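Mapped onto the working numbering, the consecutive letters of the sequence shown carry residue numbers 1289 to 1697.
You may find that some hints are simply not true.
Label-pair distances were calculated between CB atoms; the ranges are [stated by the list, open to error]:
| # | residue 1 | residue 2 | range |
| --- | --- | --- | --- |
| 1 | 1495 | 1360 | 22 to 30 Å |
| 2 | 1590 | 1504 | 17 to 25 Å |
| 3 | 1363 | 1448 | 39 to 47 Å |
| 4 | 1667 | 1583 | 14 to 22 Å |
| 5 | 1364 | 1583 | 47 to 55 Å |
It is worth saying that the hints were derived from the structure and are not from the lab. This structure is a prediction, so every number in the text was calculated from the model and none was measured. Idealized CB from N, CA, C, for every residue including glycine.
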Amino acid sequence: MKKHRVVSGIVTGSLVLAFLTAPVNAASLTEQLAQSNARQAAAKYQVDMTQNTINGIEDEIGKVNEEVNRINGIIGAINADISSIEANIAKKQEELKIAEAKKQEQEAAMSDRVRAMYMYGNGSIMEFIFSASDFSDFITKLDMSRYIMTADKDSLNALEETKKVIDEKKLSIEADRLKTVAKKTEQEVVLTQQEEVLAQKDQLLAQNQAALEEYKAIEAAEAATSADIEGQLQAYYEQQRAAAEQAAQNNGSTGATDGSAGSDTSTPGSGETSGGGTTAPPVYSSSYVWPCDGNITSEFGWRIHPIWGDSRFHAGVDIGASTGTPVACAGNGTVISAGWNGGYGNCVIVDIGNGLSAVYAHLSAINVSSGETVAAGQTVGAVGSTGDSTGAHLHYEVRLYGSPISPYI
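Make the full structure from the sequences, and use the hints.
Here you go:
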């Protein structure tokens, strides 16, 4: 069955919307079935459209999550760049601080040297050299003078180099600061994009939740309809039982009565009635015909819902078979409905007596018509994939007075 189909138990909603407690003839039954089918088709369309919306929103949320991850990667890279630049700035500022301290020391030394030269005059060096007492003293004072002059020159060069380093550090720090400003501007742009994407994600999540709530509401409405229809079917069968009982009394009969007019009465264990009583459940036997060969792909009973993940009731069994495989009627009886039935596609419903009805859904062809009398084993249709189905199979149900029971009877 289709993955996103609402609970299979709503099949009774496809059968009849309302059986009146007044006598029902074939014409009124056919009209009610047509009205029910139209309403069920509309509900199924709503469910499909809602599920398509949910799927589309989930796809969009996936794309948004990818975009969020991409933006987060960009932000992470920008933050790493900013941290690296700021670390470089801090390092260079420390180096600049050291260079400026060194410059101050060098400038102080040069200031002292200039002050000394001013105090002794420009000729002090020459006077110092020629004040030698002898040749040896002359050589010594000459070497000392050369050393002083070289030291002065080196000090001056060192001071100039320090100034150059300071200028370079300042330029480098300023360049890094500009890089930081650019990176932070880029960061602001990306953060704005992130906010927009996250807002879009929040909006999509809200839309998704709204769609899910709508889906649940549709499903709940169909479940309520199913319960109502089940009650109507029970009333219908009770009407048939009462009519048959009255007919038997009129004829002086004390035997068991059929579950519905025109249905086979030969099933072993059919229910008897007494004054004011209700029809007893029939005793099931292997005399009922299995509809077709094939593997059971989904069993009758409770199973995990493919959408919500909780336990839901599956009203029948799914039998995997090739398209066109003949579908046999379970027993002698009367066709209640034969035609399109919403999510069940082409569907045949047969009253097989004793309050039992057999349901054959997703047929590719229908071989009987409403009101027709059919025999056990007679072909009522062919396996297909119409309606709410993703592959060829037969959805087969057996219902007792409208309530689903195990098809293994």
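Inset, instruction - Please write out, lowest number first, the hints stated earlier that are contradicted by the structure. - result: When the structure is compared with the hints, none of them turns out to be violated.
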